[in-house]
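Q: Letter by letter, the chains look like this.
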Amino acid sequence: MPLIELKHVVGGYGGAPILNGVDMAIEASDIGVIVGPNGAGKSTTLKAIFGLLRVTGGTIEFGGENIANSLPDKLVPKGLSFVPQEKNVFTSMTVEENLEMGAFTRTDDFRPTMDWVYSMFPVLAEKRRQPAGELSGGQRQMVAMGRALMSKPKLLMLDEPSAGLSPRYVIEIFETIVRVNKEGVGILMVEQNARQALAFASKGFVLAQGQNRFTGTGPELIADPEVAKSFLGG
Amino acid sequence: MDELIFFINRVLISGTVLGSIYALGAVGVTLIFGILRFAHFAHGDMMTMGAFVAFVLAAAMTAMGIVTPLPAGFVVLPLAMIITAVLALGLDKGFYAPLRQRGAKPVTLLIASIGVTLMIQGLTRLIFGSGTRTFFDTESKDIFRIDMSWAGGSRPISITEPQVIMFIVTALIVVALHLFLTRSRLGKAMRAMADNAALAQVSGINTALVVRVTWVIAGALACVAGTMLALDVALMPDLAFNIVLPIFAAAIVGGLGHAYGAIVGGFLIAFAETMAVFNWTAVLRPINGLLPEGMALPANLALVPTEYKLTVAFVILVITLLVRPTGIFKGAST
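Read top to bottom, the protein sequences are chains G and U. 1 is the number of the first residue of the first sequence in the working numbering; add one for each residue after it. 1 is the number of the first residue of the second sequence in the working numbering; add one for each residue after it.
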């Protein structure tokens, strides 16, 4: 049984649906990457999973249960975590407090998880007492990922984690994502840097107009001449 | 020396009393703004409501023949705070929460809060009449006089017992609030939600709980501030409605959404007001001897006549908005 399975998901913000039947299945060992043109419903798919917009059709099964239209405070304890693209840190709070907020739903001792996050991002350990708003873009992205990891998720969803970062940080963030995945956390992410992200994706989804257009492993999609021509810029 | 004692009595002590009241009111306004993003205009009336709750409890205690060494108004304060916090939760549930659920804009909530203001004032008048009442019908206000003759002063520094207790209570509340916001999980969640509500939701923070806690704190602090105001002056239905402007000014000057800013802003506005209406001739009189023949200080050298005290808060507010729109502590500007 897959970790999460979307079956023909339809949904939107109230008007015409943006998602017109999205299908997806991710295992705990997978890195899933969603690519596609602007307005294809990539971020919308993540938000639909996370209960941030209304799902009007289809099912989203997580751990064998339909979680469509559940709210984040119910989803986080179940093992889902989401890193939004923008405004994804509490700027006025310290790095450590940001991480603590990620563990809000936990009742057990989260110190070990915090140490694990710090081992993943050593630079954050150095800056733990600094307000997150004072950090650079790349470091903020690390805080955002660290915050999402604090709830010990089974599935980590990231909305364009490399957006606006310098090439050096893009590589670092992607490497971290692979490392997190190796520790048993399923990944589902949306990426603009399609080629680069698909290169390490075990599942790739090309969306267009709110529907799946192509599905395959990342390298398969890169090799597919039609995908390359229409969606990866030749 | 007498001039200094006069200054301490008239500016330092009254400014601190007023500052405590403004600060506690402004903290509530700023927290509600931070979490719910609307200006809670009825905050002054929540203070008045709290003062009346304390008044009823104190009267009941006196009627039962319980005599305490402290003024009754302070003894009943913890219970009055709890009751006012529950009433504040009720106000939210009855009036603001239904609007939020329908996705009302902040301005709609602001107007609703003006409605709540009128309602609370109307109800207070209906139940208690529009007259002025005092907590000190049956007990006297003790006044401490610190003799200053050792320093060559002919007058004592005088401070009332309620004022002394007010300073202590305010200090305790500020420390408790600080510890809550920086040490407790829920306090941090409150700061997180004020910082970025969408991300707080995504993090799995129970935002409905944070909203409830905000009303509890705002209600409890409003009760303390209102009761202090009533103990220092007198109790009437429009008691705190009259100071809603300086309280909002304090919250904005301090930086909206920022609790420490509200405290600083409260004392800043209070001291500015107190010093603006203070008759400086009383302190500067010794200079008269230095002035040339035929020149003397005018009898009244106050910057602003007492009846225009409110303009001081306005002026500071306008200057802040012009020079530093986000306030001293860089609060939210929207």
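Treat the hints with care, as some may be off.
[Unchecked claim] Using 25 Å as the maximum straight-line C-alpha spacing, the simulated BS3-like pairs for lysine-lysine come out as follows: (1) G:K74 - U:K93; (2) U:K93 - G:K87; (3) G:K154 - G:K74; (4) G:K154 - G:K78; (5) G:K182 - G:K78; (6) G:K127 - G:K74.
Simulated from the structure, these hints should not be mistaken for lab results. Predicted, not measured: the structure shown is a model, and the values here were computed from it.
Q: Now, for every hint given, state plainly whether the structure supports it.
A: A quick look at each hint next to the structure:
no., hint, in the structure
1, G:K74 - U:K93, "holds, 23 Å"
2, U:K93 - G:K87, "violated, 30 Å"
3, G:K154 - G:K74, "holds, 14 Å"
4, G:K154 - G:K78, "holds, 8 Å"
5, G:K182 - G:K78, "holds, 20 Å"
6, G:K127 - G:K74, "violated, 31 Å"
The structure fails to meet hints 2, 6 from the earlier list, while all remaining hints are met.
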